[in-house]
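Trainee: Single-letter residue listing:
Number of protein chains: 4
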Amino acid sequence: MAKILILYYSRTGNTRKMAEAVAAGVKGSGAEAVVCDVVEFAMDGLPEYDGIIAGTPTYYGLAAGPVKDFFDRSVVHHGKLEGLVGGAFSSSAVFGGGSETAVLSILQMMLVHGMIIQGQARGNHYGVVTLGEPDEDAVDRCRQLGKRVGKLAVRLFG
Amino acid sequence: MAKILILYYSRTGNTRKMAEAVAAGVKGSGAEAVVCDVVEFAMDGLPEYDGIIAGTPTYYGLAAGPVKDFFDRSVVHHGKLEGLVGGAFSSSAVFGGGSETAVLSILQMMLVHGMIIQGQARGNHYGVVTLGEPDEDAVDRCRQLGKRVGKLAVRLFG
Amino acid sequence: MAKILILYYSRTGNTRKMAEAVAAGVKGSGAEAVVCDVVEFAMDGLPEYDGIIAGTPTYYGLAAGPVKDFFDRSVVHHGKLEGLVGGAFSSSAVFGGGSETAVLSILQMMLVHGMIIQGQARGNHYGVVTLGEPDEDAVDRCRQLGKRVGKLAVRLFG
Amino acid sequence: MAKILILYYSRTGNTRKMAEAVAAGVKGSGAEAVVCDVVEFAMDGLPEYDGIIAGTPTYYGLAAGPVKDFFDRSVVHHGKLEGLVGGAFSSSAVFGGGSETAVLSILQMMLVHGMIIQGQARGNHYGVVTLGEPDEDAVDRCRQLGKRVGKLAVRLFG
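Just so you know, the sequences run in chain order A, B, C and D. Mapping of the first sequence onto the working numbering: position 91 corresponds to residue 91, and the numbering continues sequentially without gaps. Heads up: take any position in the second sequence, counting from 1, add 1000, and you land on the working numbering. Heads up: take any position in the third sequence, counting from 1, add 2000, and you land on the working numbering. Heads up: take any position in the fourth sequence, counting from 1, add 3000, and you land on the working numbering.
Any given hint might turn out to be false.
Said to hold, decoys possible - In silico DMTMM-like links for lysine to aspartate or glutamate, alpha-carbon gap of 25 Å or less:
1) A:Lys147 x C:Glu2082
2) B:Lys1147 x D:Glu3082
3) A:Lys27 x A:Asp140
4) C:Lys2003 x C:Asp2044
5) B:Lys1151 x D:Asp3037
6) C:Lys2027 x C:Asp2044
7) D:Lys3147 x D:Glu3136
8) B:Lys1147 x B:Glu1032
9) A:Lys80 x C:Asp2140
10) A:Lys3 x C:Glu2082
11) C:Lys2017 x B:Asp1072
12) B:Lys1027 x B:Asp1037
13) A:Lys17 x D:Asp3072
14) D:Lys3017 x A:Asp69
15) B:Lys1147 x B:Glu1048
16) A:Lys27 x A:Asp137
17) C:Lys2151 x C:Asp2069
18) C:Lys2003 x A:Glu82
19) A:Lys17 x A:Asp135
20) D:Lys3147 x B:Asp1037
21) A:Lys27 x A:Glu133
22) C:Lys2147 x C:Asp2135
23) C:Lys2147 x A:Glu82
24) A:Lys151 x A:Asp69
25) B:Lys1027 x D:Glu3136
26) B:Lys1003 x D:Glu3082
As the list claims (entries may be wrong) - Which stretches of chain D does chain B cover? Using the computed rule of at least three CB atoms under 8 Å from a CB of chain B, they are:
27) 3105-3116
28) 3120-3131
29) 3150-3158
Calculated directly from the structure, the hints in this document are not laboratory data. All of these numbers come straight from a predicted model, not from anything done at the bench. Virtual Cβ for every residue (Gly too), placed ideally from N, Cα, C.
With the hints as constraints, model all of the structure from the sequences given.
Mentor: Here it is as structure tokens:
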């Protein structure tokens, strides 16, 4: 069974709520979902997963420091994540305030790992972006992201 | 008197409206503003300006083809635009639909020309992004962009 | 049999040579490869393919105008390319001259189409970048890109 | 006298060497240069400067964690850095390995602060990128970056 890790960093709780909605979407796709605060994640276990979806508040138009730090430390597994499926989401305070580039910063790090990512033809093309506390529509978009990544992992890893 | 060129590409009229609001902001800063459809602009005159603010609808997360084509053709002036002041704006159909990256694609082209760009600490950090027809708030943000770029041009070129 | 379209724009012939090497890599993966100048491609046939690899010279840090124009015109198929596999390559004149961002500009457009892209853990993470005329090493990296994209298409589409 | 802060993070010493060459260029422009390891910098003093040039090794295609962390912590001065001049440089292990995007990640954070950045029409358009230990040519490009940013700061702040 394909197993997806949903990592998040959250101070206000908004990004954590997004992570939970993403996990619900992953489960709906037939894959397993594990949700973890990026600061608490035990790096040793990373290669067990078939996919990683990472979420961050938008800090200076990029992933927050603790998320960047996670990817820097993930270098101990460099090469072993090739072919894993990836996805990203970000919450921000203002429209046009850097949430798209925050999502892209995560996708770039995943590409450097040799991971596989998929865009979306409708709506939030790169990954889910939300303003403030996630409303029903935002939660729904997070679920769709989880479902899309989960489905791709199921196709690739069963 | 500092002279700013506002170039836009517009099919629905939304980006053209933004261009006009940007021009009003430029004038409010004490600089001269010239607004022109990017398709009709006579490339010969480009080095006469002290700054360029370019606007585009969001097409595939980047500047529209005609805006890209303008910058490709501007290679005839390569080197002569070094030190000019720049800015960008983009309209799109959906939040998280690529408008931030469309603005950044224009700023990148300006950096390749050696131009000077300035961000903004509040709101639309990279450049103005709007959804659909620009409302009063969007028009105001466009005016602020024009004012910011105009002021910098006045400081640098009088 | 998975069928990959390799599109390129080339004025000096460098990007065309890269496209041919990419095609050789695709064939080595067990997929079919069709190479076409982006200006001559008949848009109608686009949804027949299981993947698209696009190459461009680095113009102002982004894909060249004709490549951008191709993606803008591909909007007639918007939604139908979801799930196709993608990849990108770019030739440039100088190290640090925008080739990475040119490759990323193509990947971004593919994500907006909902396509699937994969990075690489070693070397050119986002896609192949070369300086001037492609040497043996560059040709080899192009072949690897073709092979990687081809293999993923074969896994997904047989 | 315009005062420029050159911040760097360096483990192998390559990025530190670049920082020193950047500082030499700043001094050549008539501005004052202060070089500091980003981890040791006392955040309180940040608004005293007229410009910031930040350097990083290329980690996962972005600024290293400690550089990201610096910008996240700089939020205590948010708004006060508006109009400061900025620049960036990055060292990496491989051509096409993410150094351009690492430089751009720093420039994006500076734009979010409302800072002013300038590209370059020749060579490394966004900021200086180097491979491995900086050779004479790399050192020269770092000096030019320092000079360019220093000159702009002198024009704007005397």
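Trainee: Against this structure, judge whether each hint is valid.
Mentor: Tested hints:
no. : hint                  : result
1   : A:Lys147 x C:Glu2082  : holds (15 Å)
2   : B:Lys1147 x D:Glu3082 : holds (15 Å)
3   : A:Lys27 x A:Asp140    : holds (14 Å)
4   : C:Lys2003 x C:Asp2044 : holds (16 Å)
5   : B:Lys1151 x D:Asp3037 : violated (34 Å)
6   : C:Lys2027 x C:Asp2044 : holds (24 Å)
7   : D:Lys3147 x D:Glu3136 : holds (16 Å)
8   : B:Lys1147 x B:Glu1032 : holds (11 Å)
9   : A:Lys80 x C:Asp2140   : holds (22 Å)
10  : A:Lys3 x C:Glu2082    : holds (23 Å)
11  : C:Lys2017 x B:Asp1072 : holds (22 Å)
12  : B:Lys1027 x B:Asp1037 : holds (18 Å)
13  : A:Lys17 x D:Asp3072   : holds (22 Å)
14  : D:Lys3017 x A:Asp69   : holds (24 Å)
15  : B:Lys1147 x B:Glu1048 : holds (20 Å)
16  : A:Lys27 x A:Asp137    : holds (19 Å)
17  : C:Lys2151 x C:Asp2069 : violated (28 Å)
18  : C:Lys2003 x A:Glu82   : holds (23 Å)
19  : A:Lys17 x A:Asp135    : holds (10 Å)
20  : D:Lys3147 x B:Asp1037 : violated (36 Å)
21  : A:Lys27 x A:Glu133    : holds (23 Å)
22  : C:Lys2147 x C:Asp2135 : holds (18 Å)
23  : C:Lys2147 x A:Glu82   : holds (15 Å)
24  : A:Lys151 x A:Asp69    : violated (28 Å)
25  : B:Lys1027 x D:Glu3136 : violated (46 Å)
26  : B:Lys1003 x D:Glu3082 : holds (23 Å)
27  : 3105-3116             : holds (count 9)
28  : 3120-3131             : holds (count 5)
29  : 3150-3158             : holds (count 3)
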